[in-house]
Structures are given as C-alpha cells and as structure tokens.
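**Student:** Sequence:
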Amino acid sequence: MDYICGLDEVGRGPIAGPVTAAAVILPEDFPKDRLRDSKKLSPKKRAELNILIKEQSVSWGLGWASPRTIDSINILQASLLAMRRAYDAMVIRSGHIHPYIACVDGNQFPPLPIQMFAIIKGDSALPEIMAASIIAKEARDSWMIQMANRYDSWDFEKHKGYPTKRHKELCSTHGISPIHRRSFKIFS
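At position 139 of the sequence shown (counting the first as 1) the number is 139 in the working numbering, and the numbers step up by one without a gap.
In short, the hints are calculated from the structure, not lab data.
A hint or two may mislead.
Said to hold, decoys possible - BS3-like, lysine-lysine: derived pairs with alpha carbons at most 27 Å apart:
| # | residue 1 | residue 2 |
| --- | --- | --- |
| 1 | LYS168 | LYS158 |
| 2 | LYS54 | LYS32 |
| 3 | LYS158 | LYS44 |
| 4 | LYS54 | LYS121 |
| 5 | LYS185 | LYS168 |
| 6 | LYS45 | LYS32 |
| 7 | LYS39 | LYS121 |
| 8 | LYS54 | LYS39 |
| 9 | LYS45 | LYS185 |
Unchecked claim - Label pairs and their in silico Cβ distance ranges:
| # | residue 1 | residue 2 | range |
| --- | --- | --- | --- |
| 10 | SER153 | GLN56 | 35 to 45 Å |
| 11 | LYS54 | ILE120 | 22 to 32 Å |
| 12 | MET1 | ARG150 | 39 to 49 Å |
| 13 | ILE120 | ASN74 | 30 to 40 Å |
No residue lacks a Cβ here, since even glycine has one placed at the ideal position from N, Cα and C.
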C-alpha cells in the first residue's frame, strides 16, 4: 500500500515550553471530511478528533524539542528535529511501515529517507497534515497544562506559553521559569 505521511508542528511562537510535532498516516476509509486545521477547531472537537485519529490511523507518532534544545539550535532547527523524531516514532509504532511520501506544513522539511513535499497552509489542505496538526496541538497543550501544576506562578494552563499580555506580566513579576526559552525576547 502506498501511504502518505502528514507532518506538522506546534509551538514555534510561544516563549515557553517545547516545540511538538506529529506524523500521521491515515487509512483510505478515515472520515477525512471531519478534519480541519487544529487552530480552527474548538478544544472539545479537537480532543474528540485526537482520539479518533489515534484509534483509526495506520500509525502516528510524536516528536519533541525542549526549550533548551530550542535555545541551543534555534526554533527552526528544533521544529525540524521534532518532526524527524515524530516520523521515527510513527515508523516504530507502525511496525516499520514506511510511507512513500511525507508532506509537511510550511516551506521547509526535515531530512527523511523518503520523498518530501512542503505545502504552505498544508494544515488547511491535506487531511494527513490536519491530523498531525491536531495530535501535536493536543499533546503540547496537555504538556503545558501539566507544567501549570508544577510552575503555578505563570498560568501556563491559560496561555500555553504564548506571549500574551498576562504571560509577560507574570514574567515581569516572577522572572522566567525553567521551561521558558531563554533565547526568545520575552519583553519585546
């Protein structure tokens, strides 16, 4: 079977937390008409689709790059690394099924051992990328909510690390947490 893998990342814009990527292979009979870009879905709908994708996909995988890695190699390279890790996790989960192509949201892609295509606004166009977008967003948001319990002075459960006015105010009051990206300009 010729499978298409969709890849997407979330978390390039925040000033705290990891960048998270997902890789997904959908079966032909997946209800693709239910998918959308993760940013256009309500949290409830996104959570429902996250479960459906994980249950019905041929395979899926997650990849992460920590704030320290982001600070070390920059956000673009960290995003590409997270995508590579997501792809590798997907292949392992599948029992080593390799898709014949991988499509990435955006204009750059990670080095993978298969043919790659970068699709600008792919998270609004290709179901496999939409599915990856949903899984990555759910995983990262969940991680940030867990961190809110550990670092309760920054309200991570509300803004998920994005540079909102309130988040910047909390950084002014409390300084930066261990999960903040030190290479990002927090007060620009």
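**Student:** Hint by hint, work out which the structure violates, then give me just those numbers in ascending order.
**Tutor:** Checked against the structure, the hints that fail are numbers 9 and 13, while the rest are satisfied.
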